[in-house]
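S.K.: Since the structure of chain A is provided, determine the placement of chain B on it from the hints.
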Amino acid sequence: MTKFIITAILLFLQVSSLLCQTTIKGSIKADKNQPVIGANIYFKGTIEGTNSDEQGNFILSTDLTGDKILVASCIGYKTHEESVKLQNDTIELLISIPENDVELKEVVVYAGTFEAGDKKKSVVLNRLDMATNPIGFGDALSVLRTLPGTSNAADEGGMFVRGGEQNETKTFIDGLMVESPYTAKMPSVPVRGRFSPMLFRGTVFSTGGYSAEYGQALSSVLILNSIDTPEKDEAGLSLFLSGVNGNLTKKWEKSSLSASTQYVNMSPFYGIIKSNIKWNHEPENFGQMIAYRQKVGERGLIKILANYSIDNSSMYYPDLDTHSNDLISLINSDMFIVSSYRGAIGKDWIMNTGASYNFDNEKIKMNEDNIETRKQSYEFKLAFTKPVNEKINLKFGGNVLNKDYSRNYLPFSGNSYKWKYNSPVIAAFIESEIRLFKRISTRIGGRAESVPMSNELYISPRFSLAYKTSVNSQMSLGYGSFSEQPLNEYLAYNNKLKTEQADHFIINYQLMKESRIFRIEAYYKNYDRLIKYDSLYAIAPEAYNNNGSGYAKGIDLFYRDSKSIKNGDFWISYSLIDSKRNYKDYSFAHPPFFLSTHNLSLVYKHYISKTDSYISAGYEFASGRPYINPNISYTEMQRTKSYNNLSLSIFHFTEIFGKFTMIYAQVTNILGSENVFGYRYGNHPNESGIYESEPVIPVSRRFYLIGLFVSFTGKPEI
Amino acid sequence: MKRVLLIVFVLLIARKTDGSDTLYYSTLRKSIDLAYKDYKLENYRQLANCSERILLVYKNEWLPYYYEAYAYINMGFIETNEGAREMYCDKAQNLIDEAFKIKPDESEIYVLQSMLYYARMSISPMINGPLYLPKASGALDDAEKLDPGNPRIYYLRGKSTMNTPVFFGGGKEAAIPLFDKAINVYKDFKPKSIIHPFWGEEDALRLYNECKAGGT
Numbered sequence: 001m002t003k004f005i006i007t008a009i010l011l012f013l014q015v016s017s018l019l020c021q022t023t024i025k026g027s028i029k030a031d032k033n034q035p036v037i038g039a040n041i042y043f044k045g046t047i048e049g050t051n052s053d054e055q056g057n058f059i060l061s062t063d064l065t066g067d068k069i070l071v072a073s074c075i076g077y078k079t080h081e082e083s084v085k086l087q088n089d090t091i092e093l094l095i096s097i098p099e100n101d102v103e104l105k106e107v108v109v110y111a112g113t114f115e116a117g118d119k120k121k122s123v124v125l126n127r128l129d130m131a132t133n134p135i136g137f138g139d140a141l142s143v144l145r146t147l148p149g150t151s152n153a154a155d156e157g158g159m160f161v162r163g164g165e166q167n168e169t170k171t172f173i174d175g176l177m178v179e180s181p182y183t184a185k186m187p188s189v190p191v192r193g194r195f196s197p198m199l200f201r202g203t204v205f206s207t208g209g210y211s212a213e214y215g216q217a218l219s220s221v222l223i224l225n226s227i228d229t230p231e232k233d234e235a236g237l238s239l240f241l242s243g244v245n246g247n248l249t250k251k252w253e254k255s256s257l258s259a260s261t262q263y264v265n266m267s268p269f270y271g272i273i274k275s276n277i278k279w280n281h282e283p284e285n286f287g288q289m290i291a292y293r294q295k296v297g298e299r300g301l302i303k304i305l306a307n308y309s310i311d312n313s314s315m316y317y318p319d320l321d322t323h324s325n326d327l328i329s330l331i332n333s334d335m336f337i338v339s340s341y342r343g344a345i346g347k348d349w350i351m352n353t354g355a356s357y358n359f360d361n362e363k364i365k366m367n368e369d370n371i372e373t374r375k376q377s378y379e380f381k382l383a384f385t386k387p388v389n390e391k392i393n394l395k396f397g398g399n400v401l402n403k404d405y406s407r408n409y410l411p412f413s414g415n416s417y418k419w420k421y422n423s424p425v426i427a428a429f430i431e432s433e434i435r436l437f438k439r440i441s442t443r444i445g446g447r448a449e450s451v452p453m454s455n456e457l458y459i460s461p462r463f464s465l466a467y468k469t470s471v472n473s474q475m476s477l478g479y480g481s482f483s484e485q486p487l488n489e490y491l492a493y494n495n496k497l498k499t500e501q502a503d504h505f506i507i508n509y510q511l512m513k514e515s516r517i518f519r520i521e522a523y524y525k526n527y528d529r530l531i532k533y534d535s536l537y538a539i540a541p542e543a544y545n546n547n548g549s550g551y552a553k554g555i556d557l558f559y560r561d562s563k564s565i566k567n568g569d570f571w572i573s574y575s576l577i578d579s580k581r582n583y584k585d586y587s588f589a590h591p592p593f594f595l596s597t598h599n600l601s602l603v604y605k606h607y608i609s610k611t612d613s614y615i616s617a618g619y620e621f622a623s624g625r626p627y628i629n630p631n632i633s634y635t636e637m638q639r640t641k642s643y644n645n646l647s648l649s650i651f652h653f654t655e656i657f658g659k660f661t662m663i664y665a666q667v668t669n670i671l672g673s674e675n676v677f678g679y680r681y682g683n684h685p686n687e688s689g690i691y692e693s694e695p696v697i698p699v700s701r702r703f704y705l706i707g708l709f710v711s712f713t714g715k716p717e718i
Numbered sequence: 719m720k721r722v723l724l725i726v727f728v729l730l731i732a733r734k735t736d737g738s739d740t741l742y743y744s745t746l747r748k749s750i751d752l753a754y755k756d757y758k759l760e761n762y763r764q765l766a767n768c769s770e771r772i773l774l775v776y777k778n779e780w781l782p783y784y785y786e787a788y789a790y791i792n793m794g795f796i797e798t799n800e801g802a803r804e805m806y807c808d809k810a811q812n813l814i815d816e817a818f819k820i821k822p823d824e825s826e827i828y829v830l831q832s833m834l835y836y837a838r839m840s841i842s843p844m845i846n847g848p849l850y851l852p853k854a855s856g857a858l859d860d861a862e863k864l865d866p867g868n869p870r871i872y873y874l875r876g877k878s879t880m881n882t883p884v885f886f887g888g889g890k891e892a893a894i895p896l897f898d899k900a901i902n903v904y905k906d907f908k909p910k911s912i913i914h915p916f917w918g919e920e921d922a923l924r925l926y927n928e929c930k931a932g933g934t
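Those sequence lines, one after another, are chains A and B. Using the working numbering, the first residue of the first sequence is number 1, and each one after it goes up by one. Using the working numbering, the first residue of the second sequence is number 719, and each one after it goes up by one.
To be clear, the hints were calculated from the coordinates, so they are not data collected in a lab. Among the hints, a few may not be true.
[What the hints assert, rightly or not] When the alpha-carbon atoms are kept at most 27 Å apart in a straight line, the in silico DSSO-like pairs for lysine-lysine are as follows:
#1 185/A with 641/A
#2 853/B with 563/A
#3 821/B with 295/A
#4 584/A with 420/A
#5 251/A with 748/B
[As the list claims (entries may be wrong)] The calculated label-pair distances, taken between Cβ atoms and stated as ranges, are:
#6 434/A with 800/B: 28 to 34 Å
#7 778/B with 346/A: 22 to 28 Å
#8 930/B with 297/A: 38 to 44 Å
#9 800/B with 246/A: 36 to 42 Å
All figures in this text were calculated on a predicted structure; none of them were measured in a lab. Even glycine gets a Cβ: it sits at the ideal position worked out from N, Cα and C.
Looking at chain A on its own, in the form it has when it is part of the complex (with noise of 0.2 Å):
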């Protein structure tokens, strides 16, 4: 009975609801006459709803009446609104729906720049990467010497991008300038960076045309985020051939704090290997490392990064005009502290900020003599962002960076001397990111620069702008002007220098699907008001001037594919490089000493899940480099032969005592090519009228790394 009745009521409701029902039938497609699958299609402020199907069809019927909104949003495509009027019949409607642009918007890249971490879209290279570098060793961010517009200059370390000298290149951490990102230099020994990859987890590496956000560097900027917030608490130990390293994280509700301790010691390395230098003291470095985080508010966190080494080590390095060795020592010990912080104003302000201080100091001894630098740098910044609209958002702030430096030389026996200056650079930038069109984006801004020591205020124009040709290909064109104070020893002669300069030029394609990345920058770069001096060893004011120029062009190419081999991944990077100048003490207009015309690097990385491995092997190449031979002439280049090098790292994941751990062994140079850099000559030919000389090679033929990493608390974040 109960069934009969509830079966007649709901007969009823069905006769009585298709009495006054509306029924819209419709069909739904996007610009090119696709149709769309899946669309949510509903009255809006209702539940009442249904989905498109394979053809885009759909037939919605409701028992509502008046007007309505009937709402069609799909995931990827703009949502549509429209209004109907319910009037129990049928309505037919066609519906067409643009793609959302947001989509497009997210993956614009500006030209001249590489982005690597966990965001996902856009980045070149992932953390990962970083940890498994095959190439550049103990110099983890050398990761980026297997870009494109980079040149391999193995002797130096550091970045030459493009042409520019290492110092051309700035590093910024948490949106503050690092003074001396890289060790102190030795003769012939690379510089390594002082920042391990792991406490980053974005960089942004531009090679060319950068925002208006950074200044004082000529050529490039190396932007460096630290991590947020660690995931977990971690301990772990790393031990390996030349040193031990110990971290620990612990993690509160809404706090954190880590701190990383290393020291390093190569003289059982070589004691084993055959160094190319005769060392007094073997390199030994100690390192430690503090970070704290602070959520503040809801959005608000405060980063504190603290980091101090210290550098030791002494060389017999041989003298070619007396035949004797110079007995050569440096200590040197720096720190560098940086606070942030990012907060939210209101509803749509973003307020960053920061202040960072900088010691570095220099001991350096030369059979008798000694020369002590001290640099001494505080930076504070601010800045702001505001969305303006949908279209445009506005970025603005300013930085005030002091420079402190003195140089001590103490002579064993004569007068002594010091030079020292004091700069500050004060600067204010503003720059807008605007969409022009639905595919077109542009970024345009400014930067202006105030140096009162060489009396100089400058505004630096910088303008890019991106033409999405698909949604998986993109165009862009990039233009800037570029200041940077010259370094810091020609400043200490001569405080009255200008600042120098360069002009950007650069346009590029990249395209991006599944796992392939494809991308060809073609540039030109003109440098002006380069730094020229008398002789190496001139120390009078007038003996430094700012009458250097110089020009470099070229194109660099990048593939990078992660899917055509199963459980493989590869990149190659090719640049190729046109560059003249005249500037330091050349006495005529020529490629730098640096410089490899074709520089070429494959890493090729692969996943054994069996033994649960992985392997990198990379491959780097560099035409020769180019060196004036004064035995031969004054005015002609000589060329070295090319430059190879095939390394090879392995990585394996196991358990000891239960413990996560890591073996990974690392070996350089496994084909044993006998690279060299250059050539240098004595200052004086000898008595049968020749300049006796010394090819300048690796520190060691090959370098080998073993080592362990275990991890107390499981397996870490890489």
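M.R.: This is chain B only, laid out in the frame that chain A set:
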């Protein structure tokens, strides 16, 4: 026709019991059941759409956000186009963020977050694996802290262990106790309502048997 009938039926029930919430409960449950019928893209798409319609009306409820995210994560697993998979994962992450805002200490949302990390990993295991694996297991640890009686934690752990190489402490053998635990917890688990998460039990049993059968 059928749809109308169902709506009417639902309306009837709704009037009989306790108001509007129940209305969305049964609509959502119907959609959930449809999704579970067959592991197909369109089944999850309709769940995503249905959940979205509900969450636009019932803004303070976490379950519609949960199910829309859950639907997009599954679509992320089913879909083959990489761009679409990333888009689904991004969308799911936004929804999870919203769900957390409504109910920050809900174990089930942490489970879902973990599942999303697995989805991201599956897009490009070489690149995303080492990045998301610790995050995925971290989210499960958080979920366990909030509610150790949530069986989906152990089910997902088992599944992850099963797919991890033997050498690294994974494999079928190692996954057995985890699935065993999951099955036991499922036995005692009672969802709080007809739409509170209840998925995973059958899969846990199936994978448990698969592990027991051994092989590679």
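S.K.: Hint by hint, note whether the structure agrees.
M.R.: Hints and how they fare:
1. Simply put, residue 185/A and residue 641/A have alpha-carbon atoms about 25 Å apart, close enough for the 27 Å limit, and the pair holds.
2. At most 27 Å may separate the alpha-carbon atoms for a hinted pair to count; residue 853/B and residue 563/A meet this at roughly 23 Å.
3. For the hint pairing residue 821/B with residue 295/A, the CA-to-CA distance comes to about 20 Å; that is within 27 Å, so the pair holds.
4. Taken as a hint, the residue 584/A and residue 420/A pair is honoured in the structure, with Cα atoms around 21 Å apart against an allowance of 27 Å.
5. With a CA separation close to 42 Å, the supplied pair residue 251/A and residue 748/B exceeds the 27 Å bound.
6. The hint said 28 to 34 Å for the Cβ distance between residue 434/A and residue 800/B, and at roughly 30 Å that hint holds.
7. Checked against the given bound of 22 to 28 Å, the beta carbons of residue 778/B and residue 346/A, roughly 24 Å apart, stay inside it.
8. Remark: the range hint 38 to 44 Å for residue 930/B to residue 297/A is contradicted by a beta-carbon distance near 52 Å.
9. For residue 800/B paired with residue 246/A, a C-beta distance near 40 Å keeps the hint of 36 to 42 Å intact.
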